[in-house]
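I would like the entire structure built from these sequences, with the hints used as guidance.
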Amino acid sequence: MFEKVLIANRGEIALRVARACRELGIKSVAVYSSADAESAVVRFADEAVHIGPPATGRSYLHIPNIIGAAQKTGADAIHPGYGFLSEDPYFAEICTDEGMTFIGPRPEVMERVGDKATARDLMSKAGLPLLPGTVDPVATVDEAQQIADEIGYPVIIKAVAGGGGRGMTVVYKREDLASDYRSTRATAQAVFKDSNVYIERYLEAPFHTEVQLVCDTFGNGVYFGERDCSVQRRHQKLIEEAPSVHLTPEMRKDIGEKAVAGATSIGYSGAGTMEFLLDHEGNLAFMEMNARIQVEHPVSEMITACDLIQEQIGVAAGEKLSVSQDDVVFKGHSIECRINAEDPDADFAPTAGRLETYVPPGGPWTRVDSHCYPGWMISPFYDSLIAKLIVWAPDRERAIDRMSRALDEFEISGRGVKTTIPFHQKILQNEQFRSGDVTTDFVEQFMAEERKALAAAG
Amino acid sequence: MSDSNMDLIRSVWEEARDLVKRLEGSTVRRFSVQAGETRIEIERTASGVAVAPAAAPAAAAAAAPATAEEAELDGRHPVVAPLVGTFYRAAQPGAKPFVEEGDVVDEGQTVAIVEAMKLMNQVKAEQGGRVAQIVCSDGDWVEFEQPLMYLEPVE
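Protein chains in written order, with my numbering: chain A, 85 to 542; chain B, 22 to 176.
There could be a bad hint or two in this list.
[As the list claims (entries may be wrong)] On the chain B side, residues computed to face chain A include the following (Cβ under 10 Å): (1) Leu104; (2) Val105; (3) Pro114; (4) Glu121; (5) Val132; (6) Ala137; (7) Val152; (8) Glu164; (9) Phe165.
[Stated by the list, open to error] Using 30 Å as the maximum straight-line C-alpha spacing, the simulated BS3-like pairs for lysine-lysine come out as follows: (10) B:Lys117 - A:Lys156; (11) B:Lys139 - A:Lys111; (12) A:Lys536 - A:Lys415; (13) A:Lys156 - B:Lys145; (14) A:Lys277 - B:Lys145; (15) A:Lys88 - B:Lys139; (16) B:Lys145 - A:Lys536; (17) A:Lys404 - A:Lys88.
[What the hints assert, rightly or not] Have a look at the derived ranges for each label pair, beta carbon to beta carbon: (18) B:Lys145 - A:Glu528: 30 to 40 Å; (19) B:Ser158 - A:Gly141: 28 to 38 Å; (20) B:Gly115 - A:Glu87: 27 to 37 Å; (21) A:Lys404 - B:Gly115: 45 to 55 Å; (22) A:Glu87 - B:Gln130: 21 to 31 Å; (23) B:Thr131 - A:Ala345: 30 to 40 Å; (24) A:Ala345 - B:Ser158: 23 to 33 Å; (25) A:Ser497 - B:Ser158: 43 to 53 Å; (26) A:Asp278 - B:Thr131: 20 to 30 Å.
To be clear, the hints were calculated from the coordinates, so they are not data collected in a lab. Fair warning: this is a prediction, and the values are worked out from it, not measured in the lab. Note that CB positions come from ideal geometry on N, CA and C, so glycine has one too.
What follows is the structure in structure tokens.
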């Protein structure tokens, strides 16, 4: 096992990783920008290194400073968290070159997974279901037209290097295809410096379903069930839950086994997530693979009683997975709400500011993953996540009631600070949400109805 | 809302605006004006940049490290590490150090090197002065903005 792990991240995930290290008896090193000098992880970790000014390009994304901090403190491994350098194969390679273990898949595997067209190709060969469409980049307008005609409209044009909802265009009509093809390529080139695009069938209102897995370096892989993340706004997830109410135990086993087979077929090691779209007929289609731990990993931990970060660190240290597939038993239902410093009434604009009150909820089966405390400054330099509120209950209905109770208890206030708590409360009371029939277009529709009701009330 | 309320708000606002003008360039952090139920609160950073959530990135430059501020109090000026790495006093092992304590340096003069991933980053004096104290030793690991040495004004 590692002696000392440097955490190349900030906020709640840095604290989450530091906690896992402490429980494993590993020393932890926090790195921080000038804006994060008073952060919770800086206090919690065994050591902390100041790596730069608030701007991420000169701190959390600045590879020489992070490597320097690891060398200074004698860390033998680097945990990248999520975001920042977590899916940068170049960073993973440098870590290895400098004699440190990058806690994640090998750089060449990460690179292949990061290229969406390559990932589709590899996973298709490994037997994962895909939406009708291309696996190779589409080179010409004529080719694009021909493919779209074959698979039928609507289609979606996606940048091979795209992500986070950017670099994709939905085409409903044949006459729009040529211009949309050209503009998506231009955007892809400008934003991702890679103009390659592929085309697939567009599902109007699918469920977002993702399978959590961890693979060790001995070729073993275990799936930890799936999460439903359909409550999202502009591809930003707001509420996640596990398990998905739309999967039967047979479907869960089938897609879980396929996901593990796909990951091990490319020599994947570490924690990873395979994203799928699920239609109303129960068909799952592979979308992409995320080669990192994800924000919403706690809901999977809650229903399996497994610490995914500890597993991730263990396999990176060359140990075997501590659990076999048979050990992973799914129990009950878990929900996570992302509490962001955003104003739901002002198009979710970030509301940075200092927290005057911060009283997290407690009680049974209520977990809060957060780096916040009274007096902490929600910085405008970074994401607006205040806390992840996670609950568990024997079934979904009781989990919703428990979440509602916990949200009520959560006290957060500060000059200029608004949170998404009221928005979550409204969604939890929504009949459609409670029924479980929630697809990725739910939030847009919900907000449109809210506006309509508000206008009607005058 | 009644007219007298509007008048009240207007007069409070005028009072506040006057205060803002008079506090220009001061280090006031925040003040509030209250008249009845109406209250206006304004918060300012040390550099006089208004803290509004949307405008907050502009306040970035105002975040100076405490150590540098403290040093400036006694008239000394710290030379800080521009990045994380290894501190070296000379261009190569065995070479003459860039500066010794007591030397007078010019603005822009190289006073040390911080090596990060085999890249030698020259550290330059931001202003001229006499080297009062060198606080790091050759080969020390240094953090971002860690003081390396202090300069004092030359009379």
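Each hint tested on the structure:
Taking 10 Å as the C-beta contact cut-off toward chain A, the hint placing B:Leu104 at the interface holds, the least distance being around 5 Å. A cut of 10 Å between beta carbons decides the hint on B:Val105: the least distance to chain A is about 4 Å, and the hint holds. Among the interface hints, the one on B:Pro114 is violated; its C-beta lies about 18 Å from the nearest C-beta in chain A, farther than the 10 Å criterion. For the restraint placing B:Glu121 at the interface with chain A, the shortest Cβ-Cβ distance is roughly 26 Å, beyond the 10 Å limit, so the hint is violated.
For the restraint placing B:Val132 at the interface with chain A, the shortest Cβ-Cβ distance is roughly 20 Å, beyond the 10 Å limit, so the hint is violated. A hinted interface residue such as B:Ala137 counts as satisfied when its beta carbon comes closer than 10 Å to some beta carbon of chain A; here the least separation is about 4 Å, so the hint holds. Annotation: interface hint on B:Val152 violated; nearest CB of chain A at approximately 24 Å, more than 10 Å. For B:Glu164, the interface hint holds, since its Cβ comes within 10 Å of a Cβ in chain A; the closest pair sits about 4 Å apart.
At about 5 Å, the closest approach between the beta carbon of B:Phe165 and any beta carbon in chain A falls short of 10 Å, and the interface hint on this residue holds. With a C-alpha separation of about 25 Å, the suggested pair B:Lys117 and A:Lys156 falls inside the 30 Å cut-off, and the hint holds. For the suggested pair B:Lys139 and A:Lys111, the alpha carbons sit about 27 Å apart, so the restraint of at most 30 Å is met. Between A:Lys536 and A:Lys415 the CA atoms are separated by roughly 39 Å; this puts the pair beyond 30 Å, and the hint is violated.
With a C-alpha separation of about 23 Å, the suggested pair A:Lys156 and B:Lys145 falls inside the 30 Å cut-off, and the hint holds. The straight-line distance between the Cα atoms of A:Lys277 and B:Lys145 is roughly 35 Å, outside the 30 Å bound, and the hint therefore fails. Distance check on the hinted pair: A:Lys88 and B:Lys139 sit about 23 Å apart at the alpha-carbon level, within 30 Å; holds. Of the pairs offered as hints, the one joining B:Lys145 and A:Lys536 is violated, with about 61 Å between alpha carbons and a cut-off of 30 Å exceeded.
For the proposed pair A:Lys404 and A:Lys88, the alpha carbon gap of about 19 Å is at most 30 Å, so the pair holds. In this structure the supplied range 30 to 40 Å is violated for B:Lys145 paired with A:Glu528, their Cβ-Cβ distance being about 53 Å. Taking 28 to 38 Å as the suggested C-beta distance range, the pair B:Ser158 and A:Gly141 conforms, at roughly 31 Å. Between B:Gly115 and A:Glu87 the Cβ separation comes to about 34 Å, which falls inside the hinted range of 27 to 37 Å.
The hint said 45 to 55 Å for the Cβ distance between A:Lys404 and B:Gly115, and at roughly 50 Å that hint holds. A hinted range of 21 to 31 Å for the beta carbons of A:Glu87 and B:Gln130 is inconsistent with their spacing of about 41 Å. Against the hinted window of 30 to 40 Å, the Cβ-Cβ separation of B:Thr131 and A:Ala345 comes to about 58 Å, which falls outside the hint. The beta-carbon spacing between A:Ala345 and B:Ser158, approximately 56 Å, falls outside the hinted interval of 23 to 33 Å.
In this structure the hint that A:Ser497 and B:Ser158 lie 43 to 53 Å apart at CB holds, the actual value being about 48 Å. Between A:Asp278 and B:Thr131 the beta carbons are some 40 Å apart, a value that contradicts the proposed interval 20 to 30 Å.
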